[in-house]
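Working from the sequences, and respecting the hints, build out all of it.
From first to last, the protein sequence lines stand for chains C and H. Heads up, the first sequence is in this note's numbering, so the first residue is 1 and it goes up one at a time. Heads up, the second sequence is in this note's numbering, so the first residue is 1001 and it goes up one at a time.
Bear in mind the hints are in silico, worked out from the structure with no lab data behind them. Be aware that one or more of the hints could be misleading.
[Claimed, not checked] With a straight-line Cα cutoff of 35 Å, these simulated DSBU-like cross-link-like pairs (lysine-lysine) come out:
(1) C/67 <-> H/1232
(2) H/1150 <-> C/67
(3) H/1150 <-> C/57
(4) C/275 <-> H/1143
[Stated by the list, open to error] Far from chain C, by Cβ distances over 10 Å, these chain H residues were calculated:
(5) 1011
(6) 1065
(7) 1071
(8) 1187
(9) 1246
[As the list claims (entries may be wrong)] Derived CB-CB ranges, DEER-like:
(10) C/23 <-> H/1179: 21 to 27 Å
(11) H/1039 <-> C/25: 54 to 60 Å
(12) H/1271 <-> C/23: 30 to 36 Å
(13) C/200 <-> H/1039: 27 to 33 Å
(14) H/1120 <-> C/41: 45 to 51 Å
(15) C/88 <-> H/1230: 50 to 56 Å
(16) C/41 <-> H/1190: 24 to 30 Å
(17) C/88 <-> H/1011: 49 to 55 Å
(18) C/25 <-> H/1186: 19 to 25 Å
(19) C/30 <-> H/1017: 42 to 48 Å
(20) C/210 <-> H/1186: 46 to 52 Å
(21) H/1113 <-> C/34: 15 to 21 Å
Just so you know, even glycine gets a beta-carbon here, dropped at the ideal spot from N, CA and C.
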Amino acid sequence: MTTVSSTSSVSPDSKIRRTSVRRQQWSRRLPLMPALIFTIVVTQLPFVITIWYSLHKWDFLTPGSFKFIGLKNYVKPISDQFFRAATLHTVVITGGTVVIAIVIGTALAMLMDRQFLGQGMVRTLLITPFLIMPVAASLIWRHGFLDATYGFLNWILRGIGFSNVAFTTRYPLLSVVIVLVWQWTPFMMLIILAGLQSQSGEILEAARVDGASGITIFRHMTVPHLRPYLELGGLLGSIYLLQAFDTVDQLVGGAPDARNVPYFIYQRSIGGGWKFGQASAYGVLVVIATIILANVALRLISSLLESQ
Amino acid sequence: MSEGSKPVIVGQRRWMANVANVAAWAAGLLFFFPVFWMVITSFKTEQNAQTEIPNLHLNAGLERFRDVTKSAPGTLTFVKAFGTSATVVLVSTLIVLILAVPAAYALAIRQVTKWRDVLLFFISTKFLPIAAAILPLYTISQKLHLLDTKAVLIIVYVSMNLPLAVWMLRSFFAEVPRDLLEAAEIDGAGFFSRLRNVLLPIVAPGISATALLCFIFAWNEFFLAVNLTSFKSQTIPIWVTTMISTRGQFLAKLSAASTLACIPVVLAGWVAQKRLVRGLTMGAVK
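Next up, the structure:
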């Protein structure tokens, strides 16, 4: 593009060149456009409308209640303890699950990164929880494993001398994390395993011959090599876990002590509250917070975007 | 390894390897156990499904499966929910690919300027809490008479999976040797011909991995389905929740329904597990 001169006396020749450059740019952009336009219309436009709604008092079930009230909807969230709790639960659910799943996933990936009898079978067993429908997983855990009387886990607890624990009602947040860790550990394991297997065996062997201990090799060679894989797992995991609605809804029935932000907004609007104006304000605040967080996160792990 | 003092180390190493093998198997069985127990429970009577001491009385045969697939008027039947889910998942995945393949081409092969920003934009839409967009989606669908239709689910599932598909496909496309494409271009092949004859055969495994992931997420999706449908277009995850009843025991029925609901994704995931990992990690970490 440097060939296009910026002087006012444009020769016919460079004019043609400029139009051809422009045409070429458009021919490059064209294949991108359908996906880009679709994404903008379906994901960005609703958000703009959400901002518009948030400036109104609006009870969806009362026709004609749509009334402009400026920023009043934004006063309540600041002092709303339920919203603060939902935010905290979202952080605990997302952060807790990602960290625990990555730690267990790394351990499992190291176990799997060797040749042994039935390796393929074990990997198949391990990845299955990730493939289970979250709604089904939540319900089966709730009624089959964590149930206060008939739960399998309580049978084990009784066996080792404890008494029954009503997991989903007494420790709803813990229950949600347990089930999500069960579902997401396989995912982390798979990504980290791919990282381990891309490590050069020769270099590791050379380090071993030079007398490096297993711990030294792990800390100074494996961990740095795994970093982009850990980042990728953390990024993809967070994207989905921030939105974890199914488990909160179906495992603990949206218990106040485990209610996360998606559930909170649902509950205030379509899930029964029908206060569309107020719920929209919460939505806008969440989006602003997420954009800030996502920007920080994506910048921290921008190594993922370096091509080749 | 063959020198004097080494046999001890070798012995020790082999012992440790055995421990690791046992640990790997134990972990595999532990993680799989809830799934195993779910399948087992679906062959029980309701009385045997919920007992304080777990049992293995699998004497109900396929009764529970018959129960949950039975059609009763006025309720959501398995066949109907399955049909809705299958249609929505297949059509939305197809549309995702139709949109994402050219987009990935523009981001990886004949790159647009600032392709990195565009890619970041796509990923950033995944961070938008869907809860913040659901109200306008609901009101607009209502105005357009799209509530409780397959069409609205198809549209939102395309938008849900498109960013991930663009991300994955870009990685796959970036791996295609440039020389091949340039050669085709010199031979005078146009865009579609280059795409079909040179690019697609190479990236076909990547495309199938992407399609599989879209299939998994769309098949399992619950939040949007709950909010945007009410009866006509309810999907399989919602059908599973209808097994819960406040009267009497239901764990065996719930297990049977969950087993049926999970079969398509689990089978597909088992078959394509290696490809799936490659799709997620490749390129992104290069």
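Here is how each hint holds up against the structure:
1. With a C-alpha separation of about 33 Å, the suggested pairing of residue 67 of chain C with residue 1232 of chain H holds against the 35 Å cut-off.
2. Distance restraint check for residue 1150 of chain H and residue 67 of chain C: the Cα-Cα separation of roughly 33 Å lies within the 35 Å cut-off, and the hinted pair is therefore satisfied.
3. The straight-line distance between the Cα atoms of residue 1150 of chain H and residue 57 of chain C is roughly 31 Å, inside the 35 Å bound, and the hint therefore holds.
4. Our distance criterion of 35 Å between C-alpha atoms is met by residue 275 of chain C and residue 1143 of chain H, whose separation comes to about 18 Å.
5. The non-interface label for residue 1011 of chain H is consistent with chain C: the shortest C-beta to C-beta separation is roughly 17 Å, beyond 10 Å.
6. Distance to chain C confirms residue 1065 of chain H as a non-interface residue, since its nearest Cβ pair spans about 15 Å, more than 10 Å.
7. With a cut of 10 Å on Cβ distances, residue 1071 of chain H stays outside the contact zone with chain C, its closest approach being about 21 Å.
8. Look at residue 1187 of chain H: its CB is around 18 Å from the nearest CB on chain C, clear of 10 Å, so calling it non-interface holds up.
9. Every beta carbon of chain C lies more than 10 Å from that of residue 1246 of chain H, the smallest distance being close to 12 Å; the non-interface claim holds.
10. A hinted range of 21 to 27 Å holds for the C-beta pair residue 23 of chain C and residue 1179 of chain H, which are about 26 Å apart.
11. Remark: the range hint 54 to 60 Å for residue 1039 of chain H to residue 25 of chain C is upheld by a beta-carbon distance near 56 Å.
12. Residue 1271 of chain H and residue 23 of chain C have their C-beta atoms about 45 Å apart, which leaves the hinted 30 to 36 Å range violated.
13. One distance hint, 27 to 33 Å for the beta-carbon pair residue 200 of chain C and residue 1039 of chain H, is violated here, with the actual separation near 41 Å.
14. For the pair residue 1120 of chain H and residue 41 of chain C, the beta carbons lie near 19 Å from each other, so the given range of 45 to 51 Å is not met.
15. Distance hint check for residue 88 of chain C and residue 1230 of chain H: the Cβ-Cβ separation is about 32 Å, which falls outside the suggested range of 50 to 56 Å.
16. Between residue 41 of chain C and residue 1190 of chain H the CB atoms are about 29 Å apart, so this pair conforms to the stated range of 24 to 30 Å.
17. Judged by the Cβ atoms, the range 49 to 55 Å given for residue 88 of chain C and residue 1011 of chain H holds: they are separated by roughly 52 Å.
18. Checked against the hint of 19 to 25 Å, the C-beta distance between residue 25 of chain C and residue 1186 of chain H comes to roughly 21 Å, which is consistent with it.
19. Taking 42 to 48 Å as the suggested C-beta distance range, the pair residue 30 of chain C and residue 1017 of chain H does not conform, at roughly 56 Å.
20. Between residue 210 of chain C and residue 1186 of chain H, the C-beta spacing of about 49 Å keeps the proposed range 46 to 52 Å intact.
21. Between residue 1113 of chain H and residue 34 of chain C the beta carbons are some 19 Å apart, a value that agrees with the proposed interval 15 to 21 Å.
Hint check: violations occur at hints 12, 13, 14, 15 and 19; the rest are consistent with the structure.
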